[in-house]
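Generate the whole structure from the sequences, applying the supplied hints.
Here are the chains, one letter per residue:
Number of protein chains: 4
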Amino acid sequence: MSKIQNIGVLTSGGDAPGMNAAIRAVVRGSLYYKLKVTGILRGYDGLINADFMPMDGKSVANIIQRGGTILKTARCDDFRTVEGRAKAYQNLVDNGIDALVVIGGDGTFTGADIFSQEYDFPIIGLPGTIDNDLEGTDLTIGYDTAINTVVNAVDKIRDTAESHDRLFIVEVMGRDSGLIALRSGIGVGAEAILIPEAKTTVSDLVYRIEHGRKDKASKIIVVAEGDEAGGAYNVGETLKKKFPHHDIRVSVLGHIQRGGKPSCMDRVLASRLGVAAVEGLLEGKSKVMVGQINKEIVFTPFAKAIKHIDAAQITPGWLRLAEILSL
Amino acid sequence: MSKIQNIGVLTSGGDAPGMNAAIRAVVRGSLYYKLKVTGILRGYDGLINADFMPMDGKSVANIIQRGGTILKTARCDDFRTVEGRAKAYQNLVDNGIDALVVIGGDGTFTGADIFSQEYDFPIIGLPGTIDNDLEGTDLTIGYDTAINTVVNAVDKIRDTAESHDRLFIVEVMGRDSGLIALRSGIGVGAEAILIPEAKTTVSDLVYRIEHGRKDKASKIIVVAEGDEAGGAYNVGETLKKKFPHHDIRVSVLGHIQRGGKPSCMDRVLASRLGVAAVEGLLEGKSKVMVGQINKEIVFTPFAKAIKHIDAAQITPGWLRLAEILSL
Amino acid sequence: MSKIQNIGVLTSGGDAPGMNAAIRAVVRGSLYYKLKVTGILRGYDGLINADFMPMDGKSVANIIQRGGTILKTARCDDFRTVEGRAKAYQNLVDNGIDALVVIGGDGTFTGADIFSQEYDFPIIGLPGTIDNDLEGTDLTIGYDTAINTVVNAVDKIRDTAESHDRLFIVEVMGRDSGLIALRSGIGVGAEAILIPEAKTTVSDLVYRIEHGRKDKASKIIVVAEGDEAGGAYNVGETLKKKFPHHDIRVSVLGHIQRGGKPSCMDRVLASRLGVAAVEGLLEGKSKVMVGQINKEIVFTPFAKAIKHIDAAQITPGWLRLAEILSL
Amino acid sequence: MSKIQNIGVLTSGGDAPGMNAAIRAVVRGSLYYKLKVTGILRGYDGLINADFMPMDGKSVANIIQRGGTILKTARCDDFRTVEGRAKAYQNLVDNGIDALVVIGGDGTFTGADIFSQEYDFPIIGLPGTIDNDLEGTDLTIGYDTAINTVVNAVDKIRDTAESHDRLFIVEVMGRDSGLIALRSGIGVGAEAILIPEAKTTVSDLVYRIEHGRKDKASKIIVVAEGDEAGGAYNVGETLKKKFPHHDIRVSVLGHIQRGGKPSCMDRVLASRLGVAAVEGLLEGKSKVMVGQINKEIVFTPFAKAIKHIDAAQITPGWLRLAEILSL
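Residue numbers (full-length UniProt numbering), protein chains in the order written: chain V, 1 to 327; chain P, 1 to 327; chain R, 1 to 327; chain U, 1 to 327.
Rather than coming from a laboratory, the hints here were simulated on the basis of the structure. Ideal placement from N, C-alpha and C gives every residue a C-beta, glycine not left out. A couple of the hints might just be wrong.
Stated by the list, open to error - The list that follows gives simulated cross-link-like pairs (lysine-lysine, DSSO-like), each with its CA atoms no further than 30 Å apart:
| no. | chain 1 | residue 1 | chain 2 | residue 2 |
| --- | --- | --- | --- | --- |
| 1 | R | 58 | R | 36 |
| 2 | P | 285 | P | 295 |
| 3 | V | 36 | U | 216 |
| 4 | R | 58 | P | 240 |
| 5 | U | 36 | P | 58 |
| 6 | V | 199 | U | 58 |
| 7 | V | 36 | U | 214 |
| 8 | V | 214 | U | 34 |
| 9 | R | 87 | P | 58 |
| 10 | P | 240 | V | 214 |
| 11 | U | 295 | V | 304 |
| 12 | U | 285 | U | 34 |
| 13 | R | 3 | R | 87 |
| 14 | R | 87 | U | 216 |
| 15 | R | 199 | P | 58 |
| 16 | V | 242 | V | 199 |
| 17 | P | 87 | P | 36 |
| 18 | U | 287 | V | 295 |
| 19 | R | 36 | V | 58 |
| 20 | P | 241 | P | 216 |
Unchecked claim - Simulated restraints, written as ranges between beta carbons of each label pair:
| no. | chain 1 | residue 1 | chain 2 | residue 2 | range |
| --- | --- | --- | --- | --- | --- |
| 21 | U | 212 | R | 49 | 20 to 26 Å |
| 22 | P | 81 | V | 165 | 21 to 27 Å |
| 23 | R | 230 | U | 212 | 37 to 43 Å |
| 24 | V | 165 | P | 6 | 23 to 29 Å |
| 25 | U | 54 | P | 283 | 44 to 50 Å |
| 26 | R | 246 | P | 56 | 20 to 26 Å |
| 27 | U | 317 | R | 217 | 41 to 47 Å |
| 28 | R | 217 | U | 78 | 16 to 22 Å |
| 29 | R | 293 | P | 283 | 43 to 49 Å |
| 30 | P | 283 | R | 246 | 37 to 43 Å |
| 31 | P | 56 | R | 230 | 56 to 62 Å |
| 32 | V | 165 | U | 303 | 47 to 53 Å |
Written out as structure tokens, the structure reads:
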């Protein structure tokens, strides 16, 4: 393996708070090891269209606190084609880029894995997604910020719920995973949490509302968007029929969960993983995601990282905790 | 008129940040003038059911910063009936309450006006609503906090919009009034603002998107929920058809707009108006709302206050400003 | 007067949240009227050193929500000299800049006034300072954000004060003016507010602590940095001697008060005034600050604007309000 | 050992965000196991003065999001005496309280350890302190919120630093430990971090300022209050002498670091540990602190928990990371 001299960095998939902190760490980590760094715009799309820009220490000044990604992100169907990847490889060769750091989620790593194998190209991935649904890291970059955003929003909703003795059904992000709902549900003091990984039937919910503390007039139920009960609106309709005298409202938090200034934890995680990715490349690692497990840096093959966490293992304890805390 | 000795205070209608600051000011203002104060729970409902509690300086300690209302609020159909109001009056007499401060919006004041006339009972109203749609005050208590909540939420959405070059349609509260949309739309740097008071057709919007700056890939359009175009989802559908290659998303901010810690401005306004309401009652005023116009305390008859602000007068300037600023 | 074709814009003095929103409005307002706009870096320093950059709509994209100033700001002693101003004028002529918008406070306007008279150069000022101490506008850009920052910080301190039954003395900014202290003091529910404009002796304070509500264990006293009592530390020392058994702490909020995302109100004010400044220049106005009084745009000669508000007029009402509310 | 029937809960030492979430979890966890719960006011002081109140599910409603502690906290010298502890024990017996959960830091646990041994009384501790300086848990309750508070405050300061090209020295809490400084320093993108555990001489600092990137005009240096260099003001004085032409400012963040709404992470941690403490008592555990290490619940003897973390082990990696990231 020839020595790496120019690292390309890109963000791909849904944006997540802390991506900028990760870019900054990759850039400055590279500078520390006397490497060149090239920013690639709009993910794999910029790779195919050679949308490149050289980066230095100043390029990433004053961005650690910003949401979104200065390198932008996009979906890119072309990268799923042999031709697209061929163009991407040619662009990398033409521009002297000899290694990649890709920041994103499972879709990002799937593409990276194929490309890296096809062209024997060194790539390390950073887990940048609010969903926290990757193997190989305790936390993904953006998750901590997202659950804080949910908690701050639901705190506001609780003000209204308390004032009106209302029951609120709040839908949070998580199409395939209830991890945002689980943690933020505990954090807001939810009376119930509905997630795809657990079969909480609406009749369970009805039972709990009927048998819960009588002096508790306001309630918050947190629903993950992917829950089989069909989203907050469906749950709302069912409960309104069962409890016609309750004042029941639905709120879908939506896209605010992706943005905002990253939390300290997300900045620190992104900073640490960004430097570790550069060091991993220099040590000859490739086709792996760098994560943090039990406080240690861990490299996990892409193929394993993209397997969704088996939430079934961790779920029961959290749901039981939520139930105890709602007494 | 006999001298007032015991002021009842209640909150009614939708809750608004700053209501607690207003309650605190009514309570402490009353104590300053050696009056008793009685808290009435759940608005007119508590009046009819004699749900009263004596309040002192400590009752309102450490609440100035809290959203919602410690006195709770509710809709009350019974207060629209002669019988309901008769019970309410009897409860006031039985408990020695000889004046009322009611904190709320137009519905609250309509009820207060009828009751005050029927029983010649001294009542002063405080404008507590996020909508800012009352005559007789430059600002209602809660409006400033609500527009800050919108601005903070849309700032997060803009992070995502910028990262993905997306167009976002954001729906904010305001069933009958575009005032939240107008100010917050300027505040977030919206490319367009759709409000019920102005006939912005969707074709205007299409024109502006087609002829706007070509290097501006992300856009925010703020829509008031009462707009004739039919809410953010409708606008979204229309634009998606017109611009099939744009990445267009819709976000309805919803109930977070009612809650949260009040802004400094709302706390100061609520504090000032709460004391002014007590002083107004002591000066023999009744059937009026106390507001602030051009920095001065002003009392406006309920009948006039509940006429919605004629937004037609103020709208064109703000819409033109929004247009200039989107260049 | 020849027609204006190229407006220079600069920020000067202490930075204030909303300055970026003001720059954006000047730039886009100029574009709307088909004018060129030139950004001048680091205030008058950049004027003397010809540190200029052309600006377009994109230059000010995505900055409305950012604290600080993208044009930077600096003190500049040279601009107080005849030579300095001569160089500045020559640079303006050489670069075809034929009018200026200066965003800052009294020092900024003093310099602008002299320069404008010396060279008959069109200049309009925008009130950008957290101190709110200028004649000719109800609010300066940055003030609303600053008092919200104070209120949010003191809310946190109150958590600790309540938990420990402590008395906190909190120092806020305002070397010559107690306006930040007055409003934020009401906003945090302070037990007392000490400002330079009012002779609250420490013995008054001692009296109030001794005779205040006995069941109120925690207290917040807000002190403006310019107060004659000598700042929070001095007040703290005096009170500790008088009340050796009280748990008394001092906190100086410091520079956090200047930064942060501008509030909605500050963004709207800055946006409106920025466009009005451009329009004022086009109408031939000069040597004036543009402000907002009772909701109307008002132009005030620099010489008058920089006279500090006579806080003596407005102070007694607010201090009395604070006293009532602390009962 | 007789079966536990009534758990007393108290908070002691400096308050920390998340203490209320911990109290809530202890109360509701006790109710889940059909136990009584008694709130003890002002820490060991309330224990000695029998300042008790029975608690139920409603006592802790709507507090999960509040800073401070509803049970209040205080220093208590009497609990260090044999007589004081004897009174405390008698009060517990008289009121039928047969186990304790104490929430606090090393001082709290030291007292608990002595008392528990003297009277063979079941006590479990919860780590409630912003300092994160306890053995036996990866994170203490309050630490995550505190570092977010620091990061949000320094983000504001950076706005000013950037606008003025200033160097800021920011002092954060941590009398004996640099853990707040280390994490928040990375989080704010500090150019240097000074902590008691590392001998960063001021001449190192001077060297780095002199040899750092020339195009980086603004800088943030984070100093832990316990650093041997003597706090931010001393460092400021030294640097001002060395760099008379730099614009150098000092800001001491102070007490805001203790307050505020807890972060989601702190709420979840407090919730989990609170229930675990109740379950630990029921399983016969005592004289231990319950913590979370590598995602697992762990019980650590008080004597071990109060040994401060050996920061020497973890420090070099973080300091090196900070250095890399400042390039």
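Worksheet item: Can you list which hints this structure breaks, lowest number first?
Response: Hints 9, 10, 29, 31 are the ones this structure does not satisfy, whereas the remaining hints hold.
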